[in-house]
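*Asks:* Taken in order, these protein sequences are the chains called A and B. Just so you know, my numbering puts 11 at position 11 of the first sequence, and the rest follows in order with no gaps. Every position in the second sequence, counted from 1, becomes a number in my numbering once 1000 is added.
Note that these hints are calculated values from the structure, not bench results. It cannot be assumed that every hint is accurate.
As the list claims (entries may be wrong) - The list that follows gives simulated cross-link-like pairs (lysine to aspartate or glutamate, EDC-like), each with its CA atoms no further than 20 Å apart:
{"hint": "1", "chain 1": "B", "residue 1": "K1025", "chain 2": "B", "residue 2": "E1014"}
{"hint": "2", "chain 1": "A", "residue 1": "K135", "chain 2": "A", "residue 2": "E195"}
{"hint": "3", "chain 1": "B", "residue 1": "K1053", "chain 2": "A", "residue 2": "D92"}
{"hint": "4", "chain 1": "B", "residue 1": "K1025", "chain 2": "A", "residue 2": "D92"}
{"hint": "5", "chain 1": "B", "residue 1": "K1053", "chain 2": "A", "residue 2": "D40"}
{"hint": "6", "chain 1": "B", "residue 1": "K1025", "chain 2": "A", "residue 2": "E97"}
{"hint": "7", "chain 1": "B", "residue 1": "K1053", "chain 2": "A", "residue 2": "E89"}
{"hint": "8", "chain 1": "A", "residue 1": "K53", "chain 2": "A", "residue 2": "D69"}
{"hint": "9", "chain 1": "B", "residue 1": "K1011", "chain 2": "B", "residue 2": "E1039"}
{"hint": "10", "chain 1": "A", "residue 1": "K125", "chain 2": "A", "residue 2": "E161"}
{"hint": "11", "chain 1": "A", "residue 1": "K11", "chain 2": "B", "residue 2": "D1040"}
{"hint": "12", "chain 1": "A", "residue 1": "K53", "chain 2": "B", "residue 2": "E1097"}
{"hint": "13", "chain 1": "B", "residue 1": "K1135", "chain 2": "B", "residue 2": "E1097"}
{"hint": "14", "chain 1": "A", "residue 1": "K125", "chain 2": "A", "residue 2": "E150"}
{"hint": "15", "chain 1": "A", "residue 1": "K25", "chain 2": "B", "residue 2": "D1092"}
{"hint": "16", "chain 1": "B", "residue 1": "K1025", "chain 2": "A", "residue 2": "E88"}
{"hint": "17", "chain 1": "A", "residue 1": "K11", "chain 2": "B", "residue 2": "E1088"}
{"hint": "18", "chain 1": "A", "residue 1": "K53", "chain 2": "B", "residue 2": "D1040"}
{"hint": "19", "chain 1": "B", "residue 1": "K1125", "chain 2": "B", "residue 2": "D1186"}
{"hint": "20", "chain 1": "A", "residue 1": "K125", "chain 2": "A", "residue 2": "D92"}
{"hint": "21", "chain 1": "A", "residue 1": "K25", "chain 2": "B", "residue 2": "E1097"}
{"hint": "22", "chain 1": "A", "residue 1": "K125", "chain 2": "A", "residue 2": "E89"}
{"hint": "23", "chain 1": "B", "residue 1": "K1011", "chain 2": "A", "residue 2": "E161"}
{"hint": "24", "chain 1": "A", "residue 1": "K53", "chain 2": "B", "residue 2": "E1088"}
{"hint": "25", "chain 1": "A", "residue 1": "K53", "chain 2": "A", "residue 2": "E89"}
{"hint": "26", "chain 1": "B", "residue 1": "K1053", "chain 2": "A", "residue 2": "D82"}
{"hint": "27", "chain 1": "B", "residue 1": "K1025", "chain 2": "A", "residue 2": "E89"}
{"hint": "28", "chain 1": "A", "residue 1": "K125", "chain 2": "A", "residue 2": "E88"}
{"hint": "29", "chain 1": "B", "residue 1": "K1011", "chain 2": "A", "residue 2": "E39"}
{"hint": "30", "chain 1": "B", "residue 1": "K1125", "chain 2": "B", "residue 2": "E1161"}
{"hint": "31", "chain 1": "A", "residue 1": "K25", "chain 2": "B", "residue 2": "E1088"}
{"hint": "32", "chain 1": "A", "residue 1": "K53", "chain 2": "B", "residue 2": "E1007"}
{"hint": "33", "chain 1": "A", "residue 1": "K135", "chain 2": "A", "residue 2": "E161"}
{"hint": "34", "chain 1": "A", "residue 1": "K25", "chain 2": "B", "residue 2": "E1089"}
The primary structure of each chain is shown beneath.
Number of protein chains: 2
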Amino acid sequence: MSQAVPEPITKVVEAFSRLPGVGPKTASRLTYFLLRAPEDYSLGLAQALTNLKAQTRFCSRCFNITVADPCPICAAADRDADTIAVVEEPLDLLAIERTGIFRGRYHVLHGAISPVDGIGPDDLKIRQLSDRVQKEGTREVIIATNPGMEGDATAMYVQRELAGSGVTITRLARGLPSGGDLEYVDSITLMRALEGRSEL
Amino acid sequence: MSQAVPEPITKVVEAFSRLPGVGPKTASRLTYFLLRAPEDYSLGLAQALTNLKAQTRFCSRCFNITVADPCPICAAADRDADTIAVVEEPLDLLAIERTGIFRGRYHVLHGAISPVDGIGPDDLKIRQLSDRVQKEGTREVIIATNPGMEGDATAMYVQRELAGSGVTITRLARGLPSGGDLEYVDSITLMRALEGRSEL
């Protein structure tokens, strides 16, 4: 930028620009918003960011992000220890929690197998999952990876890893999303919905 | 959020959510991105935010945001001291700087007159502008407020304030934006383009 923009401003703009989905224009807008806002705004965000990684870690059991280890879900006595839902990311775990109907525990893989991005099974918490299933005598593993190519490949790999351990392996149903319109549904989803049709 | 989200995470999500155009979903996405990224990312942003307001102030002459006072533009010997472009916000100043053709100086009002938002002339740097015009013996004031109701009201007020000071007052031209299509131009813009037509 020109001489009109002092360094303390460009530094914030550059830092914001590194966030996903934040282009240089949005980054400028956010920065100048903070310049107009009370200083508490920027200092509060700065403090929160400083604590973000310093005060959190992976749960040694399920690899969700947590302050206490084990995490509150793994430590909760009222959650079913027999069932593990396997998700790619912590945000996927939160999506399942929001349904309010799952009372089991989780295992966060921290990614999906993606040859394009150079992510193989060893980069994910898959071995830790099979160790855990062995040790905890899990009854059911629900594979809740994303419904796409990488999620499918990961699901298949996890299934193979757990085969022979005696655990029941299930996968989230595929089909029509609620509220959708058949006319606008893509063919793969419709194909899956046909394949997975159930008798009424 | 649920027990699955530790406080250091919710604090960052909440702080991001206070930014304009950032909803809770985007705030979560940004936060979990930072959790995955090297700690330098979040610490770098935190440091930049801490310095943002602490190391900047208003230029005592033009009220642009600056580290040194007067700001580099006011201090630059090669900029025309006779001409002042009056803008609403620092980002408007940057837009004019990007054209590369304006060699005068600026005056940042820090807003526009807006009765709806309770912003009157005294909340803006208008009095400071007329003092400055008087003191510096400015030759031309280019009013470059936004082309809308609030910008127009502000322009009219500034014009009245400066009337009688002997300074030439001009305003940015209104008309068709470059690259547009006449068919899609709104009527007010087209009306202004007709009124402002020039002989070839």
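*Asks:* Check the hint pairing B:K1025 with A:E97 against an upper bound of 20 Å on the C-alpha distance.
*Replies:* Holds: B:K1025 and A:E97 sit about 15 Å apart, inside 20 Å.
*Asks:* Below or equal to 20 Å on CA atoms is what counts here, so check B:K1011 against A:E161.
*Replies:* Measuring from Cα to Cα gives roughly 38 Å; hence the hint is violated.
*Asks:* Given the hint that A:K135 pairs with A:E161, does the C-alpha gap stay at or below 20 Å?
*Replies:* Holds, at roughly 15 Å.
*Asks:* For the pair we were handed, B:K1053 and A:E89, check the Cα-Cα distance against 20 Å.
*Replies:* With a Cα-Cα distance of about 35 Å, the restraint between B:K1053 and A:E89 is violated, given a limit of 20 Å.
*Asks:* For the pair supplied as a hint, A:K53 and B:E1088, confirm whether the alpha-carbon distance does not exceed 20 Å.
*Replies:* violated, 39 Å
*Asks:* For the pair we were handed, B:K1025 and A:E89, check the Cα-Cα distance against 20 Å.
*Replies:* Distance of about 15 Å is within 20 Å: holds.
*Asks:* Verify the proposed pairing of B:K1053 with A:D82, using a straight-line Cα cut of 20 Å.
*Replies:* Violated. B:K1053 to A:D82 sits at ~52 Å, over the 20 Å cutoff.
*Asks:* For the pair we were handed, A:K25 and B:E1089, check the Cα-Cα distance against 20 Å.
*Replies:* holds, 15 Å
*Asks:* Against the 20 Å threshold, does the CA-CA distance of A:K25 and B:E1088 hold or violate the hint?
*Replies:* holds, 18 Å
*Asks:* Quick one, are A:K11 and B:D1040 close enough, alpha carbons at most 20 Å?
*Replies:* holds, 14 Å
*Asks:* Going straight from one Cα to the other, do A:K125 and A:E150 come out at no more than 20 Å?
*Replies:* holds, 15 Å
*Asks:* Hey, B:K1053 versus A:D92, does the alpha-carbon distance stay inside 20 Å?
*Replies:* Violated, at roughly 36 Å.
Hints 2, 3, 7, 12, 13, 17, 19, 23, 24 and 26 from the list above are not met by this structure, while the remaining hints are.
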